[in-house]
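Enquirer: Modelling step: build the complete structure from the supplied sequences, incorporating the hints.
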Amino acid sequence: MITTTHNNHNKKRVIFANQLQTTKSTTNIMEYNFREIEPKWQQEWKEHKTYQVEIDPSRPKFYVLDMFPYPSGAGLHVGHPLGYIASDIYSRYKRLCGFNVLHPMGYDAFGLPAEQYAIQTGQHPAVTTTQNINRYREQLDKIGFSFDWNREVRTCDPAYYKWTQWAFLKMFGHYYNNKTDKAEPIEKLIAHFEKQGTEGVDAACTNQMRFSAADWAAMDEKQREEVLQNYRLAFRADTMVNWCPKLGTVLANDEVKDGLSVRGGYPVEQKRMKQWLLRVTAYAQRLLDGLERLAWSDSLKEIQRNWIGRSEGAQVFFNIKGSDKKLEIFTTRPDTIFGVTFMVIAPEHEWIDELTTPEHKQEIEEYVAQTKKRSERERIAETKRVSGAFTGSYAVNPFTDKEIPIYVSDYVLAGYGTGAIMAVPAHDSRDYAFARHFNLPIIPVVEGGDLSVESYDAKSGKLINSDFIDGLDVKEAIQVMFTEIERRGLGKKRINYRLRDAIFSRQRYWGEPFPIYYKDDIAYPLSEDKLPLELPPIENFGPTEQGEPPLARVHNWATPEGYPYELSTMPGFAGSSAYYLRYMDPHNDQALVSKEADEYWRNVDLYVGGIEHATGHLMYSRFWNKFLFDLGYVVEDEPFKKLVNQGMIQGRSNFVYRIVGTNKFVSLGLKDQYETQEIHVDVNIVKNDLLNLDAFRAWRPEFAEAEFILEDGKYVCGWAIEKMSKSMYNVVNPDYIVENYGADTLRMYEMFLGPLEQSKPWDTNGIDGVHKFLRRFWRLFYNRDGMLNLSEGKATAAELKTLHKTIKKVREDIENFSFNTSVSAFMICLNELGECNKREILEPLTVLLSPFVPHITEELWQTALGHTDTIFDTRFPEYDEHYLVENSFAYPISFNGKVRFKKELPLGVPNEELEKQVLADSNTARYLDGKTPRKVIVVPGKIINIVI
RNA sequence: GCGGAUAUGGUGUAAUUGGUAGCCACGUCAGACUUAGGAUCUGAUGCCGAAAGGCGUGGGGGUUCGAGUCCCUUUAUCCGCACCA
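When we follow our numbering, the leftmost residue of the first sequence carries the number 1, and every step to the right adds one.
No lab work stands behind these hints, which were simulated from the structure alone. Hints may contain errors.
Stated by the list, open to error - Each computed EDC-like pair below joins lysine to aspartate or glutamate, with the alpha-carbon atoms no more than 16 Å apart:
id, residue 1, residue 2
1, K808, E878
2, K801, E878
3, K462, D473
Said to hold, decoys possible - Derived Cβ-Cβ restraints for the label pairs, each shown as a range:
id, residue 1, residue 2, range
4, V554, K726, 34 to 40 Å
5, R35, R293, 43 to 49 Å
6, R305, N439, 46 to 52 Å
7, P267, K726, 22 to 28 Å
8, K726, M219, 54 to 60 Å
9, R498, D401, 31 to 37 Å
10, E835, Q758, 34 to 40 Å
11, D289, P267, 47 to 53 Å
12, D215, I495, 27 to 33 Å
Think of the CB as a built atom: it goes at the ideal place given N, C-alpha and C, for glycine as much as any other residue.
Expert: Written as structure tokens, this is what we have:
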């Protein structure tokens, strides 16, 4: 049936959540009234400081941490609390299991958006940040989290960033000793220089240095400081940086994606600038090794491994014809050295001028100038394009003594290895493309492949044309060459990492100031007792006309003696790198964390957060923690034992279809009969993909006179999964859900939506199912007239079985973070219990449910069940396997109620081990024929019969 | 290009980890109660078929008594890295 309706003519009414509650709540006052219950308990928890925790050596600790939010102006949407709800359920569960649970929350409050907003509006970032924090807090409070707010931290609070600055000073004052494999005071290195110069020093550094004690003695202060900057763990260096002109600041590698800034999406270019850096690379191997011991997902560990990018290879020196210099290269394939037919150096290579002969000078200069002009983005886009130029110089292959030409090309990166390579076109696709383009010889040294078409890059095969390694397999040959290269003194075995040192300065205002001042252009650390160095107030937040950072606008931004402070500020990851330590002892003004607090709380047992921090925060935190560990300030060398990545919640957008050039809208099923235009419609005026016509007319003035072509009297909307954003009108606000369904329904529904780690769209359709569950649960305690309905009768075996089955399932599910299936378990439990209103069943069930839905359970606990203590003073229910035994047959606890087989077990004997054995054996034995018992398993002392 | 993950009804998902695929919900349909239903309750609902029955976990192949699950291959989507020598 197709009907065209006009204003108010649609007879059939459509159901909407926002209309639904208003009438219903008046019908029965003793229905489950979440609007009353939830604020009541939230107030109660607040007043009694229910979730405040202290060190308690008599109880085991458990530390559950969420990645603290950046308080953006948009507030929370329904996706943000997902991880918080999961961690809250886990915290409450652990607390009920008897752990002393630390579950704090705070704000990552420094950052770009607040500053961008300040530049536009002149509003101080501190003001907007505080407003946003207040809004966040309000929204969070409504959901009923068990955070210990007494421990709240804000990264922009001077009392907090004092310790960020403190850690920076410690890094400035330390270097990494490779021999002891830890950070040590820089004074120790200075003492060594005074005695022996660089002789015997094996330390992480920017450039390898070589000088004697006498050289050191002869240096002035500035020269010495330059040397030390080469070793300090926080140091200043002239380096290629990702410069974002639009944001007016440099960015770290993990803040750039595809040549664009992650925040804002502005183009990023490469620029040489003097910047502060953290020597993260010193910890590359330990960051890699540490992953083995962490209970993180394999995919996340793999991302970190790739980011660290360890590769084993050899450093080899090639003689340069007509020079006493040797060109150093790095290769992971020393076995292919007989196939080297040319060399390539990066355009930024420091010897480029020396290597260029006069007749090639112009060509090379042009090439270098041209590559400089290309932005990072263009270089990425033109990856396939082969370009380069010949320097005119030749190197000598140390194994064949053949002269081979040296080229310059931008496919060789200055920042990796030595910025120079030996090219083996037969077995490296990039070298191959280059050789083809410049007509260079290609010598196969590994059997296999068809070199007329492409290079043969495989890491297996037999060596040929390679003198003494002929006939060996690639893997053997590599090992032979390592020893041969070292024996001949041509170079050494070496490990290279893709990981780069972290650029630590930002040319911004809204961040931690560096506790550094300058005297004669030498950087000096502020003494620790002067911390915190507070961020001075300013009024204009943009860069100066000279392009200096905003802090240059501050008069007297200098020490009392008049020495100027550093003008840049620290990046976002500075404040988040050690916040988990600060939560342990947030009010301590003598230390980042006291010895006592650190030794009790140690590190984070469970960390819940998004995977987007894989190469940023999660890497920097580990580095930061390892550094503090080396110095003895913390007892654990990894900060986050277990990590769970919650998936992103996407938006589910709805569409209406306007017939082009009219104000008529056609329902989804009929839209193909017209020429239509797809328009996003606010998901809050759509339910179950049916449009609320009146709400649509009221939504925007231009739709006030809208007409509709309906199917079966309904307007069906189209839908699509997109990012949750204002412009798609698909943002669902948790406040709205809390108002209409309650926080408990929101909490449970977010978990019910699907596996925690999976990305999934938010879809308010379906929330009724969860809400209905809570109402039915309520009605087991109170009847329709609001009368207490609880029975003291004895539970039947079937009821007990249901209860214990559910306890077991929920327990396992919580431990495995499979919250969606535990919600299902509750629903099944309720279906099975029917009208059962026995205290014996409902009391444990209430406790079991409480981590998920704390408000309703607390209310029932104290009113219907008549307890005076809060639910959190009780223990999480234990299940009892004996209840599963019937007629001398034990049912393996098959959750969905199906019994696949029965096995005879001795009653009254704990039988977990026995069950395991039976299960292990029966899997192979069960279905050999059809129906009869067919296998007898003899377990020492017992005979077990398997029956189908 | 390399590495990782995922793919199951109209929808979100589940599956004792190799053992009756589709639990639990949403939606839909039918019914009960009701002034009303947008409350509540009951039943049906993977697909084809009147039924018997057949088909069915992205496609193809394999291992196995038995495969959503393991192996090979292929396609699609998502994520990470990307000239890393």
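Enquirer: Please go over all the hints and tell whether each is borne out by the structure.
Expert: These are the hints, each one checked on the structure:
no., hint, result
1, K808 with E878, "holds, 8 Å"
2, K801 with E878, "holds, 13 Å"
3, K462 with D473, "holds, 5 Å"
4, V554 with K726: 34 to 40 Å, "holds, 36 Å"
5, R35 with R293: 43 to 49 Å, "holds, 48 Å"
6, R305 with N439: 46 to 52 Å, "violated, 39 Å"
7, P267 with K726: 22 to 28 Å, "holds, 25 Å"
8, K726 with M219: 54 to 60 Å, "holds, 59 Å"
9, R498 with D401: 31 to 37 Å, "holds, 33 Å"
10, E835 with Q758: 34 to 40 Å, "holds, 36 Å"
11, D289 with P267: 47 to 53 Å, "violated, 37 Å"
12, D215 with I495: 27 to 33 Å, "holds, 29 Å"
Hints 6, 11, counting from the list given before, are not met by this structure.
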